[in-house]
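Student: If you're matching them up, the sequences are chains G and B in order.
Just so we're aligned, residue 1 is where the first sequence starts under the numbering used here, counting upward by one.
Just so we're aligned, residue 1 is where the second sequence starts under the numbering used here, counting upward by one.
If you are wondering where the hints come from, they were derived from the structure by calculation, not from laboratory data.
There may be inaccurate statements among the hints.
In this list, chains with the same sequence are indistinguishable; a pair is considered to hold if it fits within one copy or across any two.
With a straight-line Cα cutoff of 30 Å, these simulated DSS-like cross-link-like pairs (lysine-lysine) come out [to be verified]:
no.	residue 1	residue 2
1	K311	K233
2	K128	K292
3	K107	K219
4	K117	K226
5	K233	K60
6	K271	K187
7	K110	K219
8	K187	K292
9	K219	K91
10	K292	K107
11	K233	K117
2 protein chains.
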Amino acid sequence: MTDERIFNFNAGPSALPLKVLQEIQGSFLNFAGSGMSITEISHRSGYFDDVINDAVDRAKRLLKLDDRFHVLFLQGGASLQFAMMPMNFLKEDDSADYVNTGTWSTKAIKEVQILNKNYRVAASSEDKDFSYIPKDIKFSADAAYVHLTSNNTIKGTQYHQFPDTEGVPILCDMSSDIFSRPLDMDKFGMIYAGAQKNLGPSGTCMVIIRRDMLDRVDKTLPSMLKYTTYSSKNSMYNTPPCFGIYTIDLVLKWIEEEMGGLEEMETYNIKKADILYDFIDSNTFYRTTAEKYSRSLMNVTFRCPTADLEKKFIITATEKGLGGLKGHRSVGGCRASIYNAATMEGVNALVEFMDVFAKENS
Amino acid sequence: MTDERIFNFNAGPSALPLKVLQEIQGSFLNFAGSGMSITEISHRSGYFDDVINDAVDRAKRLLKLDDRFHVLFLQGGASLQFAMMPMNFLKEDDSADYVNTGTWSTKAIKEVQILNKNYRVAASSEDKDFSYIPKDIKFSADAAYVHLTSNNTIKGTQYHQFPDTEGVPILCDMSSDIFSRPLDMDKFGMIYAGAQKNLGPSGTCMVIIRRDMLDRVDKTLPSMLKYTTYSSKNSMYNTPPCFGIYTIDLVLKWIEEEMGGLEEMETYNIKKADILYDFIDSNTFYRTTAEKYSRSLMNVTFRCPTADLEKKFIITATEKGLGGLKGHRSVGGCRASIYNAATMEGVNALVEFMDVFAKENS
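Looking at chain G on its own, in the form it has when it is part of the complex (with noise of 0.2 Å):
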């Protein structure tokens, strides 16, 4: 029991910039001056239509995306995106690449499997515990999309570059580092991202679709499973997640007035990342788990010299007011998730934590 915030370090659900929680818990009972609280609020209303606008356009202008693109808000996680991928977009003689960089990536590959739908794992990094990001990839090229998921949030990699898919679509889970840092948006056809680690509270799925794709939708599909669903009535064929897409606009916001925009963001969390990994470089006591070229900004995976020393760090950094420093249940070590609204302030703490404990159980 604290009565001051802590230090959160959690994988997601995640920190959220405190600015943006400062504004949720002030205008709780009567948002925008409506006598409403913003989970009262009908979604066929001019404040929710502001409130999904500002939230879409925000969003367009920080990935600086032209018009070909639709950003959708749908619900069920990265998950359910796992299977509306091949439902929507793999026809009975089409195949798509996958690229297995771990979990996540294994999951979005089981639900293509379960659905009986043709599929070629492209490259993988499992012969290595998932420890790096595959390079020089040949892709198929009639595949129907390349699957990748741009950060691996349990083992901390994460894509630096795109591969070169020499013009099929890259469809790409980004629950852990979408708006982190820019895109160059041509590559992707879809882009996609639970909300719960950079973005909001968890169950709102943020969905960015190239119209070519949602040309290729397969039409006979039960409405809430189809993309056209979602992008011909601006995310609302049904009640959407409200509260998500609320909190979603006021991070945006915060990204694009506090923060600068993505570029500052990028920098921000290079900065942040570069602390934490010079630190447990120039340390023999800490390891990290990814290869160097790998290693993700968002998600710090390291390991203390014995599993008793983990869990002592683990313990101690909790009654020190560093929190969610666990690492995934499959991998045990530790894990130091620091998306977009994780603090400098807070990374500092971190190691020097880090250090002190270091000395101190050496």
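We have chain G; now place chain B onto it with these hints.
Tutor: What follows is chain B alone, placed relative to chain G:
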């Protein structure tokens, strides 16, 4: 723009108990002494386990559910359920009975059609513009299920008792009246509800499902589209809509501890609806649109003498702090949605306004 909270008669998203909103607001920056917002807490933490388990336990207590029932939290609203039901429960030779009582039933039927599954419309009130709930329906003895919509928000009709299906499980969309009254759950194989009317913010769909229905689930479906994925993982196969579940927990707590349970909730709801219907029945200016025996306790639909007067009614009411009284865009007219969280004070204020408005415009 108002500094005060209005009386909110929105059809959904709609009013939430002020006490619930205040609790969310009060702990929004630091939930349960965690030093984090509820939107920043890991769904794999003890903090969130307590929330989701409390919500499940309260739902079970309120509805007096025995061990056969699972309480699940999904996403995608009732609209995704319209597709998931036939996908999960209708094998090739199966057929389901649907009762068509308006827009939402019609949408449920549309998804069975899209999926090319067998179904039969066992009864419909389309002949009288969905102004009543069909009686004495003859169901197929070998139907896989019977689908009903317990309350029609648009036409203002509601089942006051559920039909005898002679053992065929009823699957029921209760989006607009769940937890508004006690239920004899023996009749139901599954009930489901988008949260945004009686339960919490939009973006969470509560599904209460009986074990024998889970046994019937088509195991070849994508993970996020089969009910067993949710039942086997306490709704946490992937990140659930945490803020929605948290709010639902607080609303159920409010029903249980402040209102005294579902019997008392029903008494309160009847009292509110009676005040409104009695006033309208005693007044020649207004008229209701639903058959008397089918009148909804949740959505009181009514007309003024002319469309122009209805427009004036809605504008004037809004100016007086009575919001959300416009009928659904598909039917026009006026509608007062008085879900659980609507207060007697609000209903009395509405009747008072209606009385003055009628006198001034007769």
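Student: Hint by hint, say whether it matches the structure.
Tutor: Against the structure, the hints come out as follows:
1. Proximity of K311 to K233 under the C-alpha cut-off of 30 Å is restricted to the inter-copy arrangement: shortest distance 26 Å between copies versus 49 Å within a copy.
2. For the homomeric pair K128 and K292, the shortest alpha-carbon distance inside one copy (14 Å) is at most 30 Å, but the shortest distance between copies (70 Å) is not.
3. Proximity of K107 to K219 under the C-alpha cut-off of 30 Å is found in both arrangements, the shortest distances being 25 Å within a copy and 17 Å between copies.
4. For the homomeric pair K117 and K226, the shortest alpha-carbon distances inside one copy (17 Å) and between copies (18 Å) are both at most 30 Å.
5. Proximity of K233 to K60 under the C-alpha cut-off of 30 Å is restricted to the intra-copy arrangement: shortest distance 18 Å within a copy versus 36 Å between copies.
6. In this homomeric assembly, K271 and K187 come within 30 Å of each other (Cα to Cα) only inside a single copy, at 27 Å, whereas the closest approach across copies is 60 Å.
7. In this homomeric assembly, K110 and K219 come within 30 Å of each other (Cα to Cα) both inside a single copy, at 23 Å, and across copies, at 14 Å.
8. With identical chains, the CA atoms of K187 and K292 are at most 30 Å apart within one copy only, with a shortest distance of 25 Å there and 60 Å across copies.
9. In this assembly of identical chains, K219 and K91 lie within 30 Å of each other by CA distance both inside one copy and across copies; the values are 11 Å within and 22 Å between.
10. For a Cα distance limit of 30 Å, the shortest separation of K292 from K107 inside one copy, 25 Å, qualifies, whereas the shortest one across copies, 53 Å, does not.
11. For the homomeric pair K233 and K117, the shortest alpha-carbon distances inside one copy (29 Å) and between copies (26 Å) are both at most 30 Å.
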